[in-house]
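Chains as they are written, first to last, in our numbering: chain H, 1 to 293; chain R, 1 to 346.
Because the hints were derived from the structure by calculation, they are not lab data.
This one's a predicted model, so the numbers in the text were calculated from it and none came from an experiment.
A portion of the hints provided could be inaccurate.
Quick list of in silico lysine-lysine cross-link-like pairs, DSBU-like style, CA-CA up to 30 Å [to be verified]:
1. Lys178(H) x Lys227(R)
2. Lys114(H) x Lys203(R)
3. Lys131(H) x Lys206(R)
4. Lys206(R) x Lys31(H)
5. Lys30(H) x Lys211(R)
6. Lys86(H) x Lys227(R)
7. Lys114(H) x Lys206(R)
8. Lys178(H) x Lys215(R)
9. Lys88(R) x Lys86(H)
10. Lys54(H) x Lys206(R)
11. Lys227(R) x Lys167(H)
12. Lys180(H) x Lys131(H)
13. Lys180(H) x Lys206(R)
14. Lys186(R) x Lys211(H)
15. Lys178(H) x Lys27(R)
16. Lys131(H) x Lys211(R)
17. Lys203(R) x Lys148(H)
18. Lys106(R) x Lys188(H)
19. Lys167(H) x Lys29(R)
20. Lys68(H) x Lys227(R)
21. Lys27(R) x Lys54(H)
22. Lys29(R) x Lys178(H)
23. Lys180(H) x Lys29(R)
24. Lys4(H) x Lys186(R)
Which stretches of chain R does chain H cover? Using the computed rule of at least three CB atoms under 8 Å from a CB of chain H, they are [stated by the list, open to error]:
25. 91–99
26. 105–117
27. 132–144
28. 190–204
29. 207–217
30. 326–334
Backbone N, C-alpha and C define an ideal beta-carbon position, used for all residues, glycine too.
Spelled out, the chains give:
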Amino acid sequence: MGSKIETIKVSLPLFSFNKGYISCAIRAAKKCLKKRGTAEQIGMLISTGVYREKHIVEPALSALILRKLIQRSFLCRRFSQDRFKKILAFDLNNGACGLIQALQIVDGYIQSGKIESGLVIAGDSLPKTGKTENYPFSQGAGAILLSKGGMEKGFVCFKTESYPQYKDDFIGYTHFAKGKLVLTIDEKKNFLDHSVSCVLTSLENFLNEVKLKIEDIDLVISSQYPDGFVSEIRDSLDLRDKIFQSDGTGFHTSAPLFALHSLFKTQRFRSAKNILFLTVGAGITTSIALYNQ
Amino acid sequence: MTTGSYIESIGIKLPDKKVSTQSIIDKMKLSPPIQLEKISGIKERRFCSGDENTISLAVDAAKDCLTYSSINDHDIEMIIYCSISKFKSDLSYYYEPSISTIVKQKIGANGALSFDISNACAGMATGIHIANDFIQRRVVNNCMIVSGEFISNICNNAIQSIETSPSPEFASLTVGDAGAAVILEKTANENGFEVLNLQTFSKYSKLCIGKLSTKYPGAQMFTQMQKLQKVSISESPSFVEQSLREAGLSYSDIDYMIPHQTAKRAIMAGAINFKEYFGYSPKEIIITVELMGNTASTTLFLALYHQLQQKKFRKEDRILLLSFASGLVMGVIVFKLNELVDKYGQ
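Isolated chain H, as found in the complex (with noise of 0.2 Å):
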């Protein structure tokens, strides 16, 4: 019995003073658990983002948002204490798949009966401090909440590989230069090449575990950078409209979640049966996810 898509909600950039990730995962959370209305306890909270608010390495962010999401205010009305009464909140990092990883462990905490629902965010900072070198992500967060599914929907299956032979080919870090901290993106030419003939052979690997076949797939739900890399897939794999591309917003973590909250209330997700969400980058890595409904 796999875990299901409670709901998911996304957030840009509202103002000048509250433009980072923390602010719109803090409120992409707050839609997603406002929405859900019940009373039953969220036991983890994980943030998936790869490029920190103000380059902040402790604690982990999660913690940060958790902290207002508790916290009571004049404008938004505090969520009850005892829906984060146990709460394990951390950050994990692993490129565009951090994500899907992490839905991962919050279905595995559900599945074990260890929490009742779980929360995921993903989102990326344009850093307030410092430079930046060839950054090409948008600013934005997104927040997905899982519950317990039924038999045999859900998510059924997940899938990471990595492929360290392509391991320099998309590399974010900072340096000390000038008396700056420059946060630089380094990516090869080849990285869009490599991203998908790496998805395709993992993406082999993942239907014949799950005895599928292409066909049997209703919906890709993917990774929109490196650009181009969907209608490649989509053309190396003839899906046609059966992937979705986004209208090059340039999200990097949050790209898949703004994707499902673009479909999720519509009719062509609703009757899809096999949906399959599917990352790559930095590493290169692979994630790849099968949902039933």
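Based on these hints, arrange chain R on the given structure of chain H.
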């Protein structure tokens, strides 16, 4: 109640370079108003030098762990990397790809499922919590939890930065570099963890903030030390009591407690508080800060490793690892050592 995995082996890496507390004080513009060595109990700590960095510390600890393990490198099925710091030797900080991807390649565990987690000083405890769930559900049969903390730059930056007293950077003067690795393996008998409980008390999440510095290469850490210590001391006994009670245990069942290694006086204050609360004290509260300082996510396993090497424990001893971290995260891990004691101190 036992859970599905046990500690199969532990490994560590300490850099060779020793740095005394006195040499740190000598470099400061301002003499600390406190007797740092007396209060912290830290005489020296290890700092990385040359090519040593986050990855080398983690890889060397992982290799050390494998020497005590019956599991081969290529049979490791999962790797969770757990450090706060992700610095290379030149203090460039790596956001992606994940460090776990690099570590698994360097130790020959290419097929392992891997990811990085970040949960301040509770990183390795959180990694154990996650790994145990994967093993319990038979997703994997084993998992290596590994961390390399290259945090001496926090201390070096505090030396340059502290100009007033008191300073929120004083806690930075206590840190040291280290790597640690633990392999968990599935168990079908009574060897498993008896308690694995972690919780985030997020209202205290701003009491300690670490971030990459815009003034100096590396990071800076800003801690409200007294508040953090007060909160940790006041919240922890009831959390430990509840964690043990849920597993059918009480504090009097614990033989040794290994708390997060911050400073000797803080640990002693916590121990006294525990004795007053529970009316009992374990055989010993393990303190290892004297020669290693605070090594963030690796401290608990560094302390456990050294006690194992010294043949301190018996097989039937019940150990409580007490994790504290910015967040505020508290964690309780309880287990009996069993065969682990036979592997060390030979």
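**Straight-line alpha-carbon gap Lys68(H) to Lys227(R), limit 30 Å** = This hinted pair holds, its Cα atoms lying about 20 Å apart.
**Asked** Counting residues of the stretch 326–334 of chain R with a beta carbon closer than 8 Å to any beta carbon of chain H, are there 3 or more?
**Response** The restraint on the stretch 326–334 of chain R holds, since 4 of its residues have a Cβ under 8 Å from chain H and three suffice.
**Prompt:** Hey, Lys106(R) versus Lys188(H), does the alpha-carbon distance stay inside 30 Å?
**Reply:** holds (22 Å)
**Request:** Could you grab the alpha-carbon distance between Lys167(H) and Lys29(R) and see if it respects the 30 Å cut-off?
**Result:** violated (43 Å)
**Message:** Cut-off 8 Å, C-beta pairs, minimum 3 residues; does the coverage of the stretch 105–117 of chain R by chain H stand?
**Reply:** holds (count 7)
**Asked** Under the criterion that the straight-line Cα-Cα distance not exceed 30 Å, is the pair Lys180(H), Lys206(R) satisfied?
**Response** This hinted pair holds, its Cα atoms lying about 25 Å apart.
**Message:** Holds or violated: Lys178(H) and Lys27(R), Cα atoms, limit 30 Å.
**Reply:** Holds, at roughly 24 Å.
**Asked** Lys54(H) and Lys206(R): Cα distance at most 30 Å?
**Response** This hinted pair holds, its Cα atoms lying about 14 Å apart.
**Prompt:** Checking C-beta pairs, does the stretch 91–99 of chain R have three or more residues closer than 8 Å to chain H?
**Reply:** holds (count 8)
**Item:** Pair hint outcome, Lys131(H) versus Lys211(R) [Cα-Cα no greater than 30 Å]
**Value:** holds (15 Å)
**Message:** Closer than 8 Å Cβ to Cβ for three or more residues is the test here. Does the stretch 207–217 of chain R pass it with chain H?
**Reply:** Three-residue rule met by the stretch 207–217 of chain R, so holds; n is 9.
**Asked** CA of Lys29(R) to CA of Lys178(H), is that 30 Å or under?
**Response** OK: Lys29(R) and Lys178(H) at ~24 Å, within 30 Å.
Checked against the numbered hints given earlier, this structure breaks hints 1, 9, 11 and 19; the rest are met.
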